[in-house]
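Engineer: Numbering (the working numbering) for the sequence shown: 1 to 115.
No lab work stands behind these hints: they were computed from the structure.
All figures in this text were calculated on a predicted structure; none of them were measured in a lab.
We put the beta carbon where it would ideally sit given N, CA and C, even for glycine.
Any given hint could turn out to be false.
What the hints assert, rightly or not - Beta-carbon label-pair distances, calculated as ranges:
# : residue 1 : residue 2 : range
1 : W67       : R32       : 17 to 27 Å
2 : W72       : Y41       : 10 to 20 Å
3 : A43       : E90       : 14 to 24 Å
4 : P55       : T33       : 20 to 30 Å
5 : K49       : R92       : 21 to 31 Å
6 : P36       : S77       : 33 to 43 Å
7 : R89       : R48       : 33 to 43 Å
8 : I30       : G70       : 22 to 32 Å
9 : R61       : T104      : 15 to 25 Å
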Amino acid sequence: MHLRSLLLGFTLAAGATAMPASAATPSVIINRTPPPAEQPYEATPQARKGFAWSPGFWEWRGTGYRWQPGEWIPAKSGQRWQPYGWEEREGRYFFVHGSWQPLTQTASATQPGSR
Numbered sequence: 001m002h003l004r005s006l007l008l009g010f011t012l013a014a015g016a017t018a019m020p021a022s023a024a025t026p027s028v029i030i031n032r033t034p035p036p037a038e039q040p041y042e043a044t045p046q047a048r049k050g051f052a053w054s055p056g057f058w059e060w061r062g063t064g065y066r067w068q069p070g071e072w073i074p075a076k077s078g079q080r081w082q083p084y085g086w087e088e089r090e091g092r093y094f095f096v097h098g099s100w101q102p103l104t105q106t107a108s109a110t111q112p113g114s115r
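Let the hints inform the model, and build the full structure from the sequences given.
Structural biologist: So, in structure tokens, the structure goes:
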């Protein structure tokens, strides 16, 4: 029974770290400790044609959080990037992978270069 639990835990953990950036499902990482409130200063770079900026985020590494710096990702036409982040639910913190979301009229009005 212990081996089965260990294998299941490993499979879930591997799936949580190997998911593509386009996945919009919450990860299996559940913490009672919130991510640090302070984030390292990260200037938002100037826009690059054909790319979207994915800001940095706190990543759980089994024993603590580690800052993952932001990066450019190839843009998808008609969509906006919803960054990685943490959701607090009933005192627990769930990691949510970044994902592409349909661009709505409201969102398009706030996107750079949408005029």
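Engineer: It remains to establish, for every hint, whether it holds in the given structure.
Structural biologist: Evaluated hints:
1. W67 to R32: 17 to 27 Å: holds (20 Å)
2. W72 to Y41: 10 to 20 Å: Holds, since W72 and Y41 (Cβ atoms, about 18 Å apart) stay within the stated range.
3. A43 to E90: 14 to 24 Å: This hint is violated: roughly 35 Å between Cβ atoms.
4. P55 to T33: 20 to 30 Å: Holds, at about 21 Å.
5. K49 to R92: 21 to 31 Å: violated (40 Å)
6. P36 to S77: 33 to 43 Å: For P36 and S77 the Cβ distance comes to about 35 Å; the hint holds.
7. R89 to R48: 33 to 43 Å: Holds: the Cβ-Cβ distance is about 35 Å, inside 33 to 43 Å.
8. I30 to G70: 22 to 32 Å: Given a distance of about 25 Å, which is inside 22 to 32 Å, the answer is holds.
9. R61 to T104: 15 to 25 Å: Violated, since R61 and T104 (Cβ atoms, about 35 Å apart) do not stay within the stated range.
Consistency note: the structure conflicts with the earlier hints numbered 3, 5, 9.
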